[in-house]
Amino acid sequence: MTSLLKIRHLSKRFAGVQAIFDLSFDVTQGAVTSIIGPNGAGKTTLINMISGVIHPSDGDIRFKGKSLSGLKPHQVAARGIARTFQTVELFGRMTVLENVMLGRHLKSRKGLISAAFRLPGVFREEADLKARSLSVLETVGIADYASLKAANLPLGEQKLLEVARALASEPQLLLLDEPAAGLNEVETQKAAEMIMGLSETGVTVILVEHDMKMVMAISHEILVLNYGAKIAEGPPASIRTDPGVIKAYLGDEESGS
Amino acid sequence: MTMLLSEKNQTVTHILCFALFVAALPWVFGLSRATSYYTDVMVFVAIHSIIAAGLSLLLGYAGQISLGQAAFYGLGAYASGILTTRLGLSPWLGIMAGMVLAAGMAYGVGLPALRLKGHYLAMATLGFGMIVYIVFNEFIGLTGGPSGFGEIPSIRIFGMEISSTLGFYYLAWTAAVGVLWISLNIVHSRPGRALRAIHDSEKAAAAVGIDITRAKVQIFVVSGVYGALAGSLYAHFVTFINPPPFDIFFSIKVLMMVVIGGVGSIWGAYLGAALLTFLPEWLAFMEDFDVLAYGIILLTIVMFSPDGLVGLGSRMINRIRNMKNRGY
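Protein chains in written order, with the working numbering: chain A, 1 to 257; chain B, 1001 to 1328.
Hints in this document: simulated from the structure, not taken from any laboratory. All C-beta atoms in this analysis are idealised placements derived from N, C-alpha and C, irrespective of residue type, glycine included. A portion of the hints provided could be inaccurate.
[Said to hold, decoys possible] Cβ-to-Cβ under 8 Å is the rule here; a few derived chain A residues that face chain B:
hint : residue
1    : 9
2    : 31
3    : 51
4    : 73
5    : 77
6    : 89
7    : 91
8    : 102
9    : 103
10   : 110
11   : 115
12   : 118
13   : 121
14   : 153
15   : 157
16   : 213
[Said to hold, decoys possible] BS3-like cross-link-like pairs, simulated, lysine-lysine; straight-line CA separation at most 25 Å:
hint : chain 1 : residue 1 : chain 2 : residue 2
17   : A       : 6         : A       : 230
18   : B       : 1117      : A       : 72
19   : A       : 213       : A       : 64
20   : A       : 130       : B       : 1203
21   : B       : 1203      : A       : 72
22   : A       : 110       : A       : 130
23   : A       : 230       : A       : 213
24   : A       : 72        : A       : 110
25   : B       : 1203      : A       : 107
26   : A       : 64        : A       : 130
27   : B       : 1203      : A       : 149
28   : A       : 110       : B       : 1203
29   : A       : 66        : B       : 1203
Looking at chain A on its own, in the form it has when it is part of the complex (with noise of 0.2 Å):
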């Protein structure tokens, strides 16, 4: 077992909040690691410091042994690490292909000047793109919207076209920012079942999630955060029986809630 991404000793202070302190952990190739804790442990920042979003105060993050420390986030998916975003960020006003078919920007090269004046090879890019797109969505299983407005899809379809524009672009690590918020019962079943086939084509997942039950479903490896640091780590058999996670879950006198 190789790790795909190594994290050592990361730190992020926000104008005196230490939001991730001292942490370090490995993530396995093809696995799915999932990053649980309270609201506030760190794990948004934990996701936006790997893709790039904000840098680390402190500590390193090596993916396939690169650095990746001041790599801006379009520099981060040309690495071939995809993202989604807790609250959804779709192109609202472009069409679900096109949103997907901007998944696989990285993966097509016309610039500028070709587009401009159309030398050759524009159109059959621009029809393998296509093609390849909706293969996406038929996999997610959303290709009937094709051809809708992002914005008009219901929460779960729109949930589900963040995963499919992140799958187009053929990501060696998927970032998967609470992907099961605001989803039913039945899509949540769904979505489990899709990270679970994905890990099985051999994409490595960082899924952050709050549905435990999804969470100890899926999960190879879970990374629990109390206060941006670690407080366990382990398969899921192990954490579900860790007294200190069960205390920071349930709370005691000092810390509340």
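On the provided structure of chain A, position chain B as indicated by the hints.
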């Protein structure tokens, strides 16, 4: 795939129809009037359309405002004028030089301003426009200062001098239709899609690997090059240049062309350019009140149709369709 091809063919058909319409127009004018007055105004519509198309790409597709398009217009005009009169170069070289100069300037101004989020480009271009205007006025040895200079030669094609208004009409509209074709190609392509994506969500655009700064700078450079091309055509058509046509008010007028025509539509830029070029001519009979009427008309359009003439037109077409469907 068939859908894709038909979409592209539709664009080409629209452009061809438009080109035929424009080609026939001088003959329609000629039938009703002996004068070439409308043909003359239409040359300015072509020139204004080119510069407005650039700003339309920038504003409608990258969501950025430039208040300095007149500076690129001026750079093109002065590059053409100075190189042809002082160095005796071919007008074609002058046009090229203007476009290259504008591209470089747009890159230099755009890169720092577009790195930041927000409307820093508007401020940077406002300053840039003012500096360029001051240079036109003060570098008297080169630009002739406030009184400008004339005797700019006409453009020659295959040894044929394009000096008549009708000849220049066809030249300017060939350029304007070419710019329309290029702009629509950009809009309907990978880079155009990336620009629209940035407009919708910068966060998501970056996450799919779009280099936001690069995409915005690229399109700003394109808008600068269009501006310079328009300026060169102006210089060779009027054959005399001085600073006033390249001041901040012209930059604002170009912005109005785009907004009145319809932000987010290249065709809108052409409509807006036509309206804002013809309107002052039509209102000239009102003498001192023309500015007032001009303002009222523009304000009315913006108030009743925030998406401009293109939005107004598509709503009217939809209404007529609905009426037909209901069987009236």
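Quick rundown of the hints versus the structure:
no.	hint	result
1	9	violated (26 Å)
2	31	violated (22 Å)
3	51	holds (7 Å)
4	73	holds (4 Å)
5	77	holds (4 Å)
6	89	holds (4 Å)
7	91	holds (4 Å)
8	102	holds (5 Å)
9	103	holds (5 Å)
10	110	holds (5 Å)
11	115	holds (3 Å)
12	118	holds (6 Å)
13	121	violated (11 Å)
14	153	violated (14 Å)
15	157	violated (16 Å)
16	213	violated (28 Å)
17	6/A to 230/A	holds (15 Å)
18	1117/B to 72/A	holds (14 Å)
19	213/A to 64/A	violated (31 Å)
20	130/A to 1203/B	holds (23 Å)
21	1203/B to 72/A	holds (11 Å)
22	110/A to 130/A	holds (14 Å)
23	230/A to 213/A	holds (21 Å)
24	72/A to 110/A	holds (22 Å)
25	1203/B to 107/A	holds (19 Å)
26	64/A to 130/A	violated (30 Å)
27	1203/B to 149/A	holds (19 Å)
28	110/A to 1203/B	holds (22 Å)
29	66/A to 1203/B	holds (24 Å)
The earlier numbered hints that this structure contradicts are 1, 2, 13, 14, 15, 16, 19 and 26.
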